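**Q** For reference, the chains in residue letters:
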Amino acid sequence: MDFFVQQIAAGLTSGAIYACVALGLVMIYVSTDHINFAQGEMAMFATYLAWAMIDAGLPYWVAFGLTVAIAFGGGLFIQRVVLKPLENAPVLALVVCFIALLSIFNALAGMIWSYTIKQFPSPFPARDIFGNGLVSVQQLGVVAVTLIMLGALTVFFRYTTLGLAMRAAAQNATSARLMGVRVSWMLALGWGLAAAIGAIAGMLVAPIVFLDPNMMTGILVYGFAGALVGGIGNPMGAVAGGFIVGVLENLVGSYVIGNELKLTFALIVVIGVLLLKPAGIFGRVIVKRV
Amino acid sequence: MAAIVNGWAMKKGFGLVAIIFWIVLALLPMVGLITEDPSFEYYMFMGQSMLIYAIAVLGLNLLIGFNGQISLGHSAFFALGAYTAAILMTFGGWPFWATLPVAGAVCFGAGFLFGFPALKLEGHYLALATFTLAIAVPQLLKYKPIAPWTGGVGGVLLDKPEPPEWLGLSVDQYLYYLCLIVAILMFWLVFNLLRSRSGLAMMAIRDHAMAAGTMGVDTALYKTVTFGISAGITGVAGGLSAITIAYVAPDSFTLQLAISFLVGLVVGGLASLPGCLIGGAFIVLVQNSAQSISDWMKTTFALRYDVPAWAIYGVLLLLLMYVMPTGVMGGITALRQKISGRRTTRVNAPSSTVVRPGKTAGETTPAA
Amino acid sequence: MSALLQVKGMSAWYGAIRALYELDLSIEKGGVTALLGANGAGKTTTLRAICNMIRRSGNTILDGTDITRRSTEDIVRMGVAHVPEGRGTFVALTVEENLKLAFHIRRDHAEARRDMDLVFEYFPRLKERIRQQAGTLSGGEQQMLAIARALMIRPRLMLLDEPSFGLAPLVVQEIFRILRRINAEEHVSMLIVEQNAALALDLADHVYLLETGSVVTSGPSAMVQNDETLRKAYLGY
Chain A
1 MDFFVQQIAA GLTSGAIYAC VALGLVMIYV STDHINFAQG EMAMFATYLA
51 WAMIDAGLPY WVAFGLTVAI AFGGGLFIQR VVLKPLENAP VLALVVCFIA
101 LLSIFNALAG MIWSYTIKQF PSPFPARDIF GNGLVSVQQL GVVAVTLIML
151 GALTVFFRYT TLGLAMRAAA QNATSARLMG VRVSWMLALG WGLAAAIGAI
201 AGMLVAPIVF LDPNMMTGIL VYGFAGALVG GIGNPMGAVA GGFIVGVLEN
251 LVGSYVIGNE LKLTFALIVV IGVLLLKPAG IFGRVIVKRV
Chain B
291 MAAIVNGWAM KKGFGLVAII FWIVLALLPM VGLITEDPSF EYYMFMGQSM
341 LIYAIAVLGL NLLIGFNGQI SLGHSAFFAL GAYTAAILMT FGGWPFWATL
391 PVAGAVCFGA GFLFGFPALK LEGHYLALAT FTLAIAVPQL LKYKPIAPWT
441 GGVGGVLLDK PEPPEWLGLS VDQYLYYLCL IVAILMFWLV FNLLRSRSGL
491 AMMAIRDHAM AAGTMGVDTA LYKTVTFGIS AGITGVAGGL SAITIAYVAP
541 DSFTLQLAIS FLVGLVVGGL ASLPGCLIGG AFIVLVQNSA QSISDWMKTT
591 FALRYDVPAW AIYGVLLLLL MYVMPTGVMG GITALRQKIS GRRTTRVNAP
641 SSTVVRPGKT AGETTPAA
Chain C
659 MSALLQVKGM SAWYGAIRAL YELDLSIEKG GVTALLGANG AGKTTTLRAI
709 CNMIRRSGNT ILDGTDITRR STEDIVRMGV AHVPEGRGTF VALTVEENLK
759 LAFHIRRDHA EARRDMDLVF EYFPRLKERI RQQAGTLSGG EQQMLAIARA
809 LMIRPRLMLL DEPSFGLAPL VVQEIFRILR RINAEEHVSM LIVEQNAALA
859 LDLADHVYLL ETGSVVTSGP SAMVQNDETL RKAYLGY
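Chains as they are written, first to last, in this note's numbering: chain A, 1 to 290; chain B, 291 to 658; chain C, 659 to 895.
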């Protein structure tokens with residue numbers, strides 16, 4: 001029983017990370033209709049920046065804040081400068097672009113900081129919550145940060161005018177323009193937010209899996225799985241999906257197929273969801289009257 | 291429909307260039323008779339790699355350039371072909387040349403099966419599914435229960451085939467001819483496929499799937515079969531790589547490999563057969579010069595660590611998307627169109643045949 | 659008689675295909691102008707070109723300011739509301755959200771809230787469906803919503819693209835009645851593109867007749883209404 005609880009706790013923790021990644025993916029998907037394959041590498045790169053800052057002596061939370069801000073700006077920059085010229089390009093060109101970004105970030109990180117793994121500090125003390133070795137403060141902290149972030153974003157999108165403008169721009173760019181919304185900037189904002197969320201995900205996971213340029217590749221795949229399971233057009237769904245995938249991954253890994261086929265498991269989830277229920281568990285089917 | 295009638299099918303002159311080209315390639319090893327250069331054998335090996343990548347890119351091109359689907363996971367089929375060949379040679383004692391058709395067939399089957407779920411996916415989603423495939427494969431290859439066959443993490447070491455005495459060729463020259471013959475076969479196959487009614491159907495699906503369907507084309511069947519053929523061709527390339535490198539290991543078949551195929555395809559030019567050869571050559575050249583580029587960058591920019599080949603791929607891909615999205619062949623055809631275009635005002639002018647991928651990764655935009 | 663909108667020598671293209679040829683238009687303040695013509699005459703294109711939604715040449719001057727090089731969203735912010743062909747409803751948003759979107763560009767939130775009440779006065783049916791997903795509204799309701807959205811940005815000029823399209827005659831009459839009220843009470847000038855010429859001529863003061871991208875004739879609507887040759891040749895009745 002203890003083992004089971006531990007697995008659930010571990011699953012929720014990884015699930016929180018996947019939820020963050022999924023959230024970033026959904027953000028970009030909802031605002032631009034694109035899937036950002038470079039999401040993981042961007043997050044990883046931001047985490048390295050944080051590491052460099054901490055290494056240079058900055059306190060953790062200062063580095064954290066700065067990194068999130070830089071990531072936000074970076075995301076904005078990428079959308080405005082790199083992607084905007086291609087905005088009417090066909091799907092393939094954009095996919096190629098994302099893959100290119102993926103490669104560049106991965107290689108840059110390796111170039112600047114090498115491929116040897118590094119330690120990344122955690123803001124949470126390494127204690128147990130209940131004193132029985134089952135759940136740690138760290139795990140709880142990760143889940144808490146994720147939920148807080150989700151709450152903030154939900155409020156932003158549902159109750160603020162800017163959030164509404166972003167949603168409108170994502171759904172129908174032409175109509176949004178006809179309401180005076182500067183659609184390009186909304187897209188850029190979406191990217192900025194996604195990059196910031198990714199950076200947070202990276203900084204949450206780095207203490208657990210150690211920092212290295214290939215840290216996020218596998219996690220990205222789980223993020224995809226989570227986003228698809230929950231519904232790629234739906235932020236709350238994506239987060240729920242992330243948690244579900246996290247817990248399932250741990251349970252299946254421990255009890256069924258062993259830890260060696262985890263990525264294959266993710267692959268099966270991805271394909272399965274895409275085939276059986278592409279809108280995901282919480283995805284809404286939008287009714288359109290012609 | 292205009293876009294369906296591809297330029298190269300109409301150009302007879304092109305056929306002659308192709309024949310001359312292949313003949314030149316066949317004569318290259320003969321240079322070895324004249325030269326004393328010790329690295330000649332290495333150039334032969336490079337030639338093998340270029341041809342192998344060209345074949346792999348050909349497979350991918352069939353799927354993306356001519357049928358409008360997408361795949362970021364062809365490294366999986368390449369791996370499957372390589373391991374099939376390796377296992378047949380090691381455990382079955384099969385002669386190397388016999389493993390290639392099997393590798394092709396197995397990969398055709400795998401691709402065909404993957405084609406079914408792929409039917410429901412378009413654009414980004416299919417990219418996503420194949421991306422996940424590419425990432426899952428190396429881990430899958432290391433799976434302990436199948437290690438007795440796959441050699442686990444360490445992979446499988448093979449013996450390079452020895453050429454028969456009476457040919458008087460070195461090992462690398464022999465293998466070069468093997469790759470060349472297979473390449474000619476593959477290109478000839480695809481060339482004929484594309485000129486057949488099936489080929490027209492494939493391209494019709496790329497250009498406008500719904501219209502093709504209403505004209506009686508069984509879209510689902512064609513798409514799955516094309517996926518299969520595409521995977522099969524890349525699988526044959528994989529088998530060749532197992533033979534020529536004489537080693538297969540899981541970490542040779544990562545996402546990076548799939549990305550390099552994509553780079554080759556984009557550089558050469560989508561929906562262009564000669565482009566595949568350019569792409570294949572390009573990939574090998576970049577891999578080989580990666581170290582020198584890295585050294586140069588280290589000194590110029592005072593970097594501490596090596597620049598991996600894949601950074602170069604990334605930057606190139608990005609630049610290409612802005613500057614030359616139709617690749618080298620697209621650039622050449624556009625140039626030719628410019629020179630001769632004033633005299634012809636055909637809508638299906640050559641530049642429209644070197645396809646710009648459309649919204650569903652394959653429509654052509656009619657030339658102005 | 660000052661012109662609110664002046665269009666000079668405007669040509670427009672869809673890709674390489676030219677749709678308008680050196681068009682000249684003038685819309686008076688406070689009036690309703692109709693843009694009529696057969697299918698493919700370039701009516702919708704004209705509206706799109708005014709809003710810089712497609713490639714165009716020539717000049718557009720809004721109340722003395724040159725808006726030729728401005729982006730669509732800037733033109734909207736300057737007081738030109740475009741009710742597009744097909745309504746342009748945000749189908750996944752609620753009716754309320756469709757309208758509240760205008761708050762994004764309106765600094766005067768208090769005024770904007772009052773405008774929402776005003777809009778519901780014109781379109782009580784929308785108030786009934788305020789929290790409903792806009793995609794589930796009927797065609798007529800979506801048209802009302804589109805006009806309401808346009809009103810929410812307090813436009814000086816409203817461009818309407820085939821507001822009667824696909825709607826039942828009674829609904830169309832209701833909508834046109836409301837449009838007349840809006841023009842009179844809110845002092846919103848209008849440029850209406852319509853295939854239903856009789857309806858448009860009834861509402862409008864001034865008419866432009868288009869054929870294959872050029873203005874064939876223009877004048878007070880009474881003139882066109884009374885000219886049988888003109889009507890038969892260009893409007894089919």
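Please keep in mind that the hints were generated in silico from the structure rather than gathered at the bench.
Misleading hints may appear alongside valid ones.
Calculated cross-link-like contacts (lysine-lysine; reagent style DSSO-like; alpha-carbon spacing at most 27 Å) [claimed, not checked]:
no., chain 1, residue 1, chain 2, residue 2
1, B, K432, B, K410
2, A, K262, B, K432
3, B, K588, A, K118
4, C, K666, C, K687
5, A, K262, B, K410
6, A, K277, B, K410
7, A, K262, A, K277
8, B, K432, A, K118
9, B, K588, A, K262
No experiment lies behind these values; they were computed from the predicted model shown.
**Q** Taking 27 Å as the top limit, are the C-alpha atoms of K262 (chain A) and K410 (chain B) close enough?
**A** holds (25 Å)
**Q** Would the pair K262 (chain A) and K432 (chain B) pass a check requiring their Cα atoms to be no farther apart than 27 Å?
**A** holds (12 Å)
**Q** Starting from K432 (chain B), check that the Cα of K118 (chain A) is at most 27 Å away, please.
**A** holds (25 Å)
**Q** Please verify whether K277 (chain A) and K410 (chain B) have alpha carbons no more than 27 Å apart.
**A** Distance ~11 Å between K277 (chain A) and K410 (chain B) Cα, so the pair holds.
**Q** Given the hinted pair K666 (chain C) and K687 (chain C), is their alpha-carbon gap at most 27 Å?
**A** holds (17 Å)
**Q** Is the Cα-Cα distance between K432 (chain B) and K410 (chain B) 27 Å or less?
**A** violated (30 Å)
**Q** Regarding the pair K588 (chain B) and K118 (chain A), is the alpha-carbon distance no greater than 27 Å?
**A** Holds - the C-alpha atoms of K118 (chain A) and K588 (chain B) are around 22 Å apart, at most 27 Å.
**Q** Please verify whether K588 (chain B) and K262 (chain A) have alpha carbons no more than 27 Å apart.
**A** Given pair K588 (chain B), K262 (chain A) is violated - Cα atoms ~38 Å apart, limit 27 Å.
**Q** Need the status of pair K262 (chain A), K277 (chain A): alpha-carbon distance at most 27 Å?
**A** holds (21 Å)
Violated hints for the displayed structure, listed by number in ascending order: 1, 9.
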